[in-house]
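J.: Can you build the whole structure from these sequences, using the hints too?
Going line by line, the protein sequences match chains A and B. Numbering of the first sequence is given in my numbering, commencing with residue 254 and proceeding in unit increments. Numbering of the second sequence is given in my numbering, commencing with residue 16 and proceeding in unit increments.
I should point out that these hints are in silico values taken from the structure, not numbers from a laboratory. Glycine included, C-beta positions come from ideal geometry on N, C-alpha and C. Worth double-checking, as some hints may not be accurate.
Covered stretches of chain B, going by a simulated chain A footprint (3 or more residues, C-beta under 8 angstroms) [claimed, not checked]:
1. 18-29
2. 55-68
3. 320-332
Each chain, written out:
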Amino acid sequence: MTNQPVSLTVNGRERRLAVGPDVTLLDALREHLGLTGTKKGCDHGQCGACTVLADGRRINACLTLAIMQEGRNITTIEGLAGEGRLHDLQHAFIEHDAFQCGYCTPGQICSAQGLFNEKRLESHGHDLRAAIREYMSGNLCRCGAYVNIVDAIEAVYLDGDAQ
Amino acid sequence: MNPFRYERVQNIDEALQAAGQGGRFIAGGTNLLDLMKENVERPGRLVDINRLGLDQVEPLPDGGLRIGALVRNADLASHPWILERYPLLGCALMAGASPQLRNMATTGGNLMQRTRCYYFYDTATRCNKRAPGSGCGAVGGCTRIHAILGASEHCIAVHPSDMCVAMAALDATVNVAGARGRRSIPFQEFHRLPGDTPQYDNTLREGELITSVDLPAQGFASRYSYLKIRDRLSYAFALVSVAAALRLEDDGSIAEARVALGGVAHKPWRLPEAERMLAGETPSVRSFTRFADALLEGATGQGDNEFKIELACRATVRALTQAANGTPQSQVDKRIA
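T.: Rendered as structure tokens:
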């Protein structure tokens with residue numbers, strides 16, 4: 254397949270690529286831009302390890318073609334942290350021991366930031382943890398760190414910085 | 016993935032022209048790309064329709080609502096008019112897929128999604144839907160997720176959507192554009208039963224494009240419930256789901272009932288004759304059970320899925336009870352009240 258030009262803004266930087274139409278956003282990030290923080294788990298939209306933000310909304314990078322994302326603003330785990338300082342969610346995941354192997358963690362963190370952007374938790378004050386579990390159900394953790402993942406996300410949410 | 020050409024179209028005419036030349040539409044891509052990775056779908060030409068607009072929710076003069084085909088599932092679920100007037104549809108959307116997928120998937124794409132039958136996905140097995148005439152691996156195979164109603168010896172797959180179950184109950188209409196003009200398809204005529212041509216999921220003609228879905232004014236916003244029973248509490252396809260909606264008279268008797276089942280057939284399952292039987296009845300477990308028995312009449316198990324017949328009956332009674340009581344099933348707190 255002939256390569257076609259694709260322009261994306263990735264973590265605030267304009268990137269121009271020439272990729273085949275069959276290259277997923279996930280493969281473009283990992284194989285063409287060297288951004289290996291975004292993980293390939295199932296490659297079928299079932300595990301959430303590839304979660305990135307497109308114009309601030311969480312999506313599965315494995316189920317979209319890079320060329321379909323032309324002109325959009327993509328944020329990966331590499332783009333969440335500030336200069337020399339961890340993102341609040343990264344800090345909270347360490348603080349709450351919210352991972353073991355760490356493979357799902359970039360997707361979990363991008364997904365949690367996407368959840369904050371959606372403002373969906375605001376209407377679930379009385380049942381915040383159930384709401385976090387439901388709205389994080391697109392991210393699997395085969396080490397089973399779910400309880401601590403909910404702790405970390407709840408802590409950042411209640412702290413209010415991420416909203 | 017097989018090699019393909021990609022093009023982006025800017026308006027409906029361009030889209031229809033590309034489809035006329037054998038192009039396959041792609042919007043969210045969450046189902047089509049997945050199937051392309053499995054070599055189940057092998058389009059030679061992909062037509063990206065994401066820049067067509069068609070992403071608005073607009074009021075209709077008759078008091079209904081028009082939903083653009085490219086409105087994302089997440090945006091539709093949280094749209095103020097859906098929350099206020101069609102909460103049954105909002106609940107069904109939130110019961111489906113994951114937040115990431117709902118951000119990508121579109122209204123039209125949800126209508127077009129294909130079955131999750133394991134045999135359809137596995138190119139090493141026989142499947143009349145994937146390879147017409149090759150036989151059905153599911154019949155006599157692992158059938159936990161398969162149909163109990165409307166199946167044929169050629170195909171026992173089910174339609175996987177939640178959104179469509181609510182739209183069926185709400186009597187939606189699917190608007191399409193094609194080379195021969197525009198037409199509107201009543202929801203119950205959009206998806207079809209497999210018969211001896213299970214390769215056709217729906218009644219769209221070659222090259223037609225879904226432009227919008229219309230909802231009638233009656234949204235059953237005060238008495239409804241979407242109850243989805245599945246193997247895990249979230250992010251799983253339905254074993255059985257029920258979209259139930261009621262309108263009650265002042266004396267508490269039933270004026271109008273709508274029930275559609277998901278996970279049981281090749282299309283959302285409705286039986287308007289049985290719904291009419293409920294009119295004039297007092298809401299009760301007894302009247303709802305009688306209705307559920309009528310709705311499930313003729314249901315046949317395939318082996319592993321025998322349990323779905325009783326499950327569908329009980330879920331129907333429960334969802335109708337929730338609707339009658341004005342206590343719809345929460346899509347966050349999964350305890351079934």
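J.: Holds or violated: the segment 18-29 of chain B covered by chain A, criterion of 3 or more residues with Cβ-Cβ distance under 8 angstroms?
T.: holds (count 5)
J.: Can you confirm whether chain A covers the segment 55-68 of chain B, using C-beta to C-beta distances below 8 angstroms and requiring at least three such residues?
T.: Result for this restraint: holds, n = 3.
J.: For the segment 320-332 of chain B, do at least 3 residues have a Cβ located nearer than 8 angstroms to some Cβ of chain A?
T.: violated (count 0)
Hint compliance for this structure: hint 3 alone is broken.
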